[in-house]
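Residue numbers (our numbering), protein chains in the order written: chain A, 9 to 430; chain B, 9 to 430.
Where hints are given, some of them may not hold.
Copies of the same chain look alike in the list, so a pair counts if it fits in one copy or across any two.
Said to hold, decoys possible - Straight-line alpha carbon distances no greater than 30 Å define the calculated DSSO-like cross-link-like pairs of lysine-lysine that follow:
no.	residue 1	residue 2
1	K301	K190
2	K301	K338
3	K107	K338
4	K259	K301
5	K338	K100
6	K259	K193
7	K100	K301
8	K298	K253
9	K260	K394
10	K259	K140
11	K107	K196
12	K394	K193
13	K100	K298
Just so you know, these hints were derived from the structure itself, not from any lab.
Number of protein chains: 2
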Amino acid sequence: MKLLKVDTLEAALDKLEAAMRTGGAGEPETELVSVLQALDRIAAEDVLCSEDIPSFDRSTMDGYAVVARDTQGAGETMPTFLDLAGEVEMGKEPEFGLKSGQCAYAPTGGMLPQGADAVAMVEYCQPFGTDKVAVYSPLSPGHNMVHAGDDVRCGECLFQRGRRIRPSDMGLLCAAGKTEIKVYKPWKIYIISTGDEIVPPEAMPLPGQVRDVNSAGLLGEALSQGFDVAGLDVIWDSQDILTEKVRSAMKKCDVVVISGGSSQGKKDATEAVIDSLTSSGAFTHGLAVKPGKPTIIGFDEPTECVVIGLPGHPVAALLLFRLIVAGIWKRLTGSAETEKEIAVDAVMASNIAASPGRKTFQLVTLDYEHIGLETGLPQAVPVLGKSGLIRTMSAADGYIVMDVNDEGLCRGERVRVHLLMR
Amino acid sequence: MKLLKVDTLEAALDKLEAAMRTGGAGEPETELVSVLQALDRIAAEDVLCSEDIPSFDRSTMDGYAVVARDTQGAGETMPTFLDLAGEVEMGKEPEFGLKSGQCAYAPTGGMLPQGADAVAMVEYCQPFGTDKVAVYSPLSPGHNMVHAGDDVRCGECLFQRGRRIRPSDMGLLCAAGKTEIKVYKPWKIYIISTGDEIVPPEAMPLPGQVRDVNSAGLLGEALSQGFDVAGLDVIWDSQDILTEKVRSAMKKCDVVVISGGSSQGKKDATEAVIDSLTSSGAFTHGLAVKPGKPTIIGFDEPTECVVIGLPGHPVAALLLFRLIVAGIWKRLTGSAETEKEIAVDAVMASNIAASPGRKTFQLVTLDYEHIGLETGLPQAVPVLGKSGLIRTMSAADGYIVMDVNDEGLCRGERVRVHLLMR
Chain A
9 MKLLKVDTLE AALDKLEAAM RTGGAGEPET ELVSVLQALD RIAAEDVLCS
59 EDIPSFDRST MDGYAVVARD TQGAGETMPT FLDLAGEVEM GKEPEFGLKS
109 GQCAYAPTGG MLPQGADAVA MVEYCQPFGT DKVAVYSPLS PGHNMVHAGD
159 DVRCGECLFQ RGRRIRPSDM GLLCAAGKTE IKVYKPWKIY IISTGDEIVP
209 PEAMPLPGQV RDVNSAGLLG EALSQGFDVA GLDVIWDSQD ILTEKVRSAM
259 KKCDVVVISG GSSQGKKDAT EAVIDSLTSS GAFTHGLAVK PGKPTIIGFD
309 EPTECVVIGL PGHPVAALLL FRLIVAGIWK RLTGSAETEK EIAVDAVMAS
359 NIAASPGRKT FQLVTLDYEH IGLETGLPQA VPVLGKSGLI RTMSAADGYI
409 VMDVNDEGLC RGERVRVHLL MR
Chain B
9 MKLLKVDTLE AALDKLEAAM RTGGAGEPET ELVSVLQALD RIAAEDVLCS
59 EDIPSFDRST MDGYAVVARD TQGAGETMPT FLDLAGEVEM GKEPEFGLKS
109 GQCAYAPTGG MLPQGADAVA MVEYCQPFGT DKVAVYSPLS PGHNMVHAGD
159 DVRCGECLFQ RGRRIRPSDM GLLCAAGKTE IKVYKPWKIY IISTGDEIVP
209 PEAMPLPGQV RDVNSAGLLG EALSQGFDVA GLDVIWDSQD ILTEKVRSAM
259 KKCDVVVISG GSSQGKKDAT EAVIDSLTSS GAFTHGLAVK PGKPTIIGFD
309 EPTECVVIGL PGHPVAALLL FRLIVAGIWK RLTGSAETEK EIAVDAVMAS
359 NIAASPGRKT FQLVTLDYEH IGLETGLPQA VPVLGKSGLI RTMSAADGYI
409 VMDVNDEGLC RGERVRVHLL MR
């Protein structure tokens, strides 16, 4: 029996990152895209603001721009009377300034005249005739207005390289006058499923056959990470065919993933193919993770292509795709540093054993109907199921991680749940 | 001064839902799409499995299929010797069955022969010659194998109407032989920004002018919710132009959102346009939420179009788009019932006041560097900023909600943070 030489997940990512950086594939290529098309793309540089936002002092209410100290002592029974100096038009610079004792009508968003430092809401004001306004409320400077630069100051960083662009970021970029943004080009991924037992999803499997699950699942994972999928192939277990498919895919893609080959014989074929087609050879021959042990990784310098042999079990294949392909992408694009990993705290609903010597990923659902009385936290309910089942992952809300040295978790123990859904 | 007749958020959604259901726009249209294109789409019906997955008993290990009771008492020093009856080929039905005393080689994923009810891993077996195998480990029935139907049983529901399709769901659908799925057609959204002060993002604003933030922000929100955006328009504040734009957009879209018009005069124009162009008239003239009070809603039966006047302030516009447009979409597609709303528990990092009589949405960041000693939870740090600023939303990780009757939250108080990022 051939023993696998296994890496930890971190060691495997370190090796892969080093191989890619040395091989000239460290930072993904970049492109300029319109802000309107930037949703979920990854910023390829820090974005600095080159002006104050807003560029002028602005009213945040419909009301009267005033000199705040003029309103000291004003109240419901004792208004301050001010001279109406004019009216601010939306989108225009007022052609007058305010002196002490004066006010001017300013709509929400209007530019304040020189000298004004607060806005009295119309609700607290009463015009008298055409040239006087009574203000019934005292105001401190800055009230009901924003100053130039209050949103963003010139020179400030809007967000850092590695940022996944959100809707509000698109608005922020527009506010700063940026209509394009430099983002990373998504990697092109080629997905190959292997197995003599595999038939296409539209076929009715004969006894002994199963439908191809991994092509669609990996396609979904790749798309949800923002990658392009250049092709899908289902092939029988033949080292020759696999070699040809991988060789051809490597020419046009950044990452080739081969799923299947969990059994010893098949794994050897995948490993031999990766070994022979990559300049690095297969440098990871197995991972100390559960599920996902039979994972093989190599990198080819001439084609700048990563080739990964994923386990055949669907849950393991999908999880490892996230951990390896999305994991290395995040490292190389800077997202790993800038992105906050948001996880939900929960308590274990039952005991669960870890797999000795391996980092164990356990699928769980979150039970919000049995919130812990003392902790106030939802329960993490393990989704149990033997390897090879796909429904466990579909049914799970997320996963918990038990480290290499953990023996397991006890009922009631506190855990962090990494979310699987959007 | 005209007082707003305000609805609670729930009342507004109830009114809108009732108007849409009565007006024949209750459930969105559906379409069949390939499973390969179903990522993030919303299932329009319960999906039932019409067969057992897997359809046969399967090995989950490379090993020897056995009759489990034959191995009772087997151990490292005392193997059970079995007759090798054959070898299972991947993807094929074994042409032999197992009787007591027999075994057969079965690779991972291979179909078990009739009579086998467990698999001994190769690591615990030793072939002797060509026809005998020593098994060094006792096995209970079901060990290292999955039974037909273990993943999903015939007739079981794979997932319910309203499910947002995930990568693993795509795999699950393929496993069940479903190559297409009935999903809801995304709504077509038309986005109109109004304001005399607004210039396009590529322009350098003159004093008093600001760049259009809401078009890009709302486009992003719409796309991230899966909607189609049929058009974007920036227009000056003119009731005539607005009327024409909205009327024309209503003919080709499901939802028209108008942002801007936060100030009293502008709001009146938006309200008048919605009132005149919808068969229902504007039935919500303001919302008891902060931010987002100046929100106007109407529904037109003939065109089956929802018309919404959103606040001009970007944060309010983006938040209200989520709450109203995505909110009603989730109600009508069933996602509101089937989707688990995952939120992160945290403790307030500082006191924060609610807005009396209004449901208050407070943007926060999650601080994982100052985890509470007793609670073990991250801190929710309010992102403060006056209305009209966009950066607050871009900087936030999520928001907390204070109810109409809440006075506010104290430092250390426990809160649920609804996430803004993916």
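For each hint, the structure was consulted:
In this homomeric assembly, K301 and K190 never come within 30 Å of each other (Cα to Cα): the closest approach is 37 Å inside a single copy and 36 Å across copies. Proximity of K301 and K338 under a CA criterion of 30 Å is satisfied intra-copy only: 22 Å inside one chain copy versus 39 Å between copies. Neither within a single protomer nor between protomers do K107 and K338 lie at most 30 Å apart by alpha-carbon distance, with minima of 56 Å and 54 Å respectively. Only within a single protomer do K259 and K301 lie at most 30 Å apart by alpha-carbon distance; the minimum there is 28 Å, versus 56 Å between protomers.
In this homomeric assembly, K338 and K100 never come within 30 Å of each other (Cα to Cα): the closest approach is 45 Å inside a single copy and 41 Å across copies. In this assembly of identical chains, the alpha carbons of K259 and K193 lie at most 30 Å apart only when taken from the same copy (17 Å versus 37 Å across copies). Taking the shortest Cα distances, K100 and K301 sit within 30 Å of each other only across copies (26 Å), while inside one copy they are farther apart (66 Å). In this assembly of identical chains, K298 and K253 lie within 30 Å of each other by CA distance solely inside one copy; the values are 28 Å within and 57 Å between copies.
Taking the shortest Cα distances, K260 and K394 never come within 30 Å of each other, neither inside one copy (37 Å) nor across copies (50 Å). When the C-alpha separation of K259 and K140 is checked against a cutoff of 30 Å, the pair qualifies neither within a copy, at 78 Å, nor between copies, at 48 Å. Taking the shortest Cα distances, K107 and K196 never come within 30 Å of each other, neither inside one copy (63 Å) nor across copies (51 Å). Proximity of K394 to K193 under the C-alpha cut-off of 30 Å is found in neither arrangement, the shortest distances being 38 Å within a copy and 36 Å between copies.
Proximity of K100 and K298 under a CA criterion of 30 Å is satisfied inter-copy only: 29 Å between copies versus 64 Å inside one chain copy.
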